[in-house]
Amino acid sequence: MSEPGAGKPAKARANGGRRLNIGAVRSSFAPWNDPSAVPLVRFEGVGKRFGDQVAVEDLSLEIYPGEFFALLGPSGCGKTTLMRMLAGFETPDTGRITLAGEDLAGVPPHRRPVNMMFQSYALFPHLSVEQNIAFGLKQEGLPKAEIAARVVEMLDLVKMAPFARRRPDQLSGGQKQRVALARAVARKPKMLLLDEPLGALDKKLREETQFELMDLQVELGVTFLIVTHDQEEAMVMADRIAVMREGRIAQIGRPEEVYETPANRYVAEFLGDVNLFDARVSQIDHPMARLEAAESLEGFFVLDDDCPAAGSAVSLAVRPEKMRISLEAPPQGTHNVLAGEIWDIGYTGDWTNYIVELPGERLIRVARANASRFVERPIGWDDKVYVTFDPDAGVVLG
Amino acid sequence: MKASWPRPSALIPYLWLAIFFALPFLLVFRLSLSDSALSIPPYAPQIDWSGGLAGFRRFLAGLDFDTYGRLVSDHLYIKAYISSLSFAAQGTLFALLIGYPMAYGMARCRPQTRNLLLMLVILPFWTSFLIRVYAWVGILKPEGLLNAGLGLLGLPNIDLLYTPAAVQIGLVYSYLPFMVLPLYAVLEKQDHTLLEAAADLGSPPWKSFWQVTFPLSIPGVVAGCLLCFIPMVGEFVIPDLLGGPGSLMIGRSIWMEFFANRDWPFASAVAVALLIMLVPPIVLYQRQQVRALEAGR
Chain A
1 MSEPGAGKPA KARANGGRRL NIGAVRSSFA PWNDPSAVPL VRFEGVGKRF GDQVAVEDLS
61 LEIYPGEFFA LLGPSGCGKT TLMRMLAGFE TPDTGRITLA GEDLAGVPPH RRPVNMMFQS
121 YALFPHLSVE QNIAFGLKQE GLPKAEIAAR VVEMLDLVKM APFARRRPDQ LSGGQKQRVA
181 LARAVARKPK MLLLDEPLGA LDKKLREETQ FELMDLQVEL GVTFLIVTHD QEEAMVMADR
241 IAVMREGRIA QIGRPEEVYE TPANRYVAEF LGDVNLFDAR VSQIDHPMAR LEAAESLEGF
301 FVLDDDCPAA GSAVSLAVRP EKMRISLEAP PQGTHNVLAG EIWDIGYTGD WTNYIVELPG
361 ERLIRVARAN ASRFVERPIG WDDKVYVTFD PDAGVVLG
Chain B
1 MKASWPRPSA LIPYLWLAIF FALPFLLVFR LSLSDSALSI PPYAPQIDWS GGLAGFRRFL
61 AGLDFDTYGR LVSDHLYIKA YISSLSFAAQ GTLFALLIGY PMAYGMARCR PQTRNLLLML
121 VILPFWTSFL IRVYAWVGIL KPEGLLNAGL GLLGLPNIDL LYTPAAVQIG LVYSYLPFMV
181 LPLYAVLEKQ DHTLLEAAAD LGSPPWKSFW QVTFPLSIPG VVAGCLLCFI PMVGEFVIPD
241 LLGGPGSLMI GRSIWMEFFA NRDWPFASAV AVALLIMLVP PIVLYQRQQV RALEAGR
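Heads up: the protein sequence lines correspond to chains A and B, in order. Taking the working numbering, the leading residue of the first sequence gets 1, the next gets one more, and so forth. Taking the working numbering, the leading residue of the second sequence gets 1, the next gets one more, and so forth.
Hint data in this document are derived by calculation from the structure and do not stem from the laboratory. For glycine and all other residues, C-beta sits at the position ideal for the given N, C-alpha and C.
Which stretches of chain A does chain B cover? Using the computed rule of at least three CB atoms under 8 Å from a CB of chain B, they are:
1. 115-121
2. 132-139
Straight-line C-alpha distance at most 20 Å; calculated EDC-like pairs for lysine to aspartate or glutamate:
3. K322/A to E260/A
4. K384/A to E328/A
5. K190/A to E62/A
6. K207/B to E140/A
7. K190/A to E102/A
8. K189/B to D169/A
9. K188/A to E196/B
10. K322/A to D392/A
11. K204/A to E232/A
12. K190/A to E196/B
13. K190/A to E219/A
14. K322/A to E341/A
15. K138/A to E196/B
16. K384/A to E357/A
17. K159/A to E219/A
Residues of chain A clear of chain B, computed beta-carbon distances all greater than 10 Å:
18. A30
19. V152
20. E257
21. Y266
22. E298
23. G333
24. E376
25. W381
26. K384
Make the full structure from the sequences, and use the hints.
Next up, the structure:
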């Protein structure tokens with residue numbers, strides 16, 4: 001196991017119980033930008049088929065020590081297969097996987113220095129909580145006293161000490177999740193694999209557990225690889241996210257990178273909501289570019305970063321929360337104005353989602369944070385509204 | 001609150017038990033308390049229906065446990081009971097040793113293959129039990145199939161028919177499905193991810209079997225063993241057809257008393273004693289089933 005603090009500063013419990021700002025830790029932690037950093041795990045051209053179904057195709061990926069890495073994608077995108085190949089439950093057809101420089105080909109699951117937390121938790125129903133946690137330690141043939149001490153430590157870590165003698169069927173979903181976690185980290189693996197770890201929990205518990213997992217990761221200094229289909233889960237917890245599509249990686253990046261600068265339409269649409277406009281680049285006048293689109297007579301004005309040459313067909317992606325909606329017409333000369341009519345309103349408390357119908361039965365989505373409790377005149381059904389967005393709000397996708 | 005009466009359909013099992021178990025048992029039990037006589041019924045004492053309650057009292061007073069006294073004092077019967085229990089225990093053990101790998105192999109097959117194998121296990125029931133046991137006579141007799149096969153291989157002949165070994169073979173063969181089916185049922189529904197979890201935690205496959213698969217299959221082991229052991233103890237046909245004088249089993253003793261000695265009261269006593277002996281394993285089996293049902297909920 002890499003010594004804690006190799007990757008990130010470990011959270012010091014003695015530190016007056018002060019909580020480290022995970023966000024700050026995250027922003028200073030970027031080994032993937034450091035050419036001298038050595039990855040812990042390396043997938044090199046890995047491919048796997050089941051019959052004529054391609055699960056993973058020619059995939060290369062590097063995960064660094066201390067990273068919290070998320071594989072995100074819809075079901076069937078190959079993310080679970082990728083994780084199972086690392087754990088040793090599936091064998092890659094092509095390519096190779098190395099862990100800490102060692103080629104894992106031919107190493108059976110029970111000899112791999114990784115541990116997995118299963119989606120179903122896979123707790124042994126005939127063993128008590130403490131026996132479940134001790135299971136992995138017993139396999140190593142550790143002395144009894146050492147096992148007992150480590151089990152107590154793990155029980156404290158996940159706050160399950162009062163339930164040590166219970167059987168799994170006497171535990172709630174959240175408690176089972178904690179036991180599964182304790183069992184997986186008890187062996188101090190080089191890497192912890194988490195398969196949809198929060199999938200079976202309800203929303204409130206899921207949010208709490210997200211933060212607990214992040215704290216735990218910093219505290220243990222173990223590299224985490226999480227598989228999930230829940231974008232929020234991945235965004236909140238991960239240092240980097242690999243968005244997967246049909247066995248390939250569609251984009252890798254920090255959560256804010258994949259969200260704010262998606263590499264393609266697929267990533268833009270998979271993460272959150274997005275309005276996509278089919279457009280054509282008509283003019284580039286650095287730093288601005290003008291796009292022709294059916295929705296706007298004047299065209300859209302956007303930043304010219306990554307904008308292909310004039311004449312190319314592109315998509316303009318604008319997130320609903322980066323659009324403004326108002327009942328009054330914006331001042332003359334404002335760019336990127338769309339006039340339409342309210343089609344539907346979804347009020348979620350913190351946000352209100354407006355579905356606006358543009359001429360030509362084109363629907364777009366605008367989200368507004370409900371920052372104040374009262375407004376002079378709320379926007380209602382069938383109101384005529386104006387939707388605007390700034391030139392830097394949209395992303396031009398090739 | 002309305003008093004809740006069981007629905008009529010719930011009474012059917014009780015009716016079934018009353019007609020096909022309680023009534024015959026009471027008849028046999030009453031017979032076992034009668035005076036021994038070498039003839040056919042009726043046996044003394046009889047109920048004097050014209051005597052009313054007093055007649056019934058006289059009948060009750062006439063009943064006694066003499067037959068049971070004879071049973072206990074006769075070493076032959078004690079030996080028969082012990083030998084039956086030992087045959088059944090050994091047969092159960094062999095059935096477990098053969099049946100567990102069978103059930104385990106079946107449970108690990110692909111679902112289509114599983115169903116085929118399951119049918120093959122049940123297939124022998126399509127043939128009469130008696131014929132199947134007779135078939136073993138053909139296999140085990142001195143000039144039978146077994147010795148023909150051994151001869152082809154250049155091995156010396158063995159004479160198994162009418163030996164305890166032949167009875168054992170017959171018992172294991174006949175009751176193997178009763179071992180395989182409950183074992184298969186628990187092994188088949190075992191969660192495969194538990195084995196993956198064990199491997200992930202550093203347990204090699206053979207250790208995972210003893211640490212995970214086997215402990216979780218114990219309800220099936222108990223059910224299979226009791227389902228074999230209970231009927232094996234009272235088995236009559238197999239020792240009668242395959243066993244010689246050395247294979248003393250209680251089922252055969254009961255038959256002898258009923259049909260050769262024509263001592264029905266004594267035969268009934270032997271039968272009742274056998275039933276009482278089998279009560280503890282039957283209760284054990286029932287409790288196991290109830291627990292399995294509750295665990296499954």
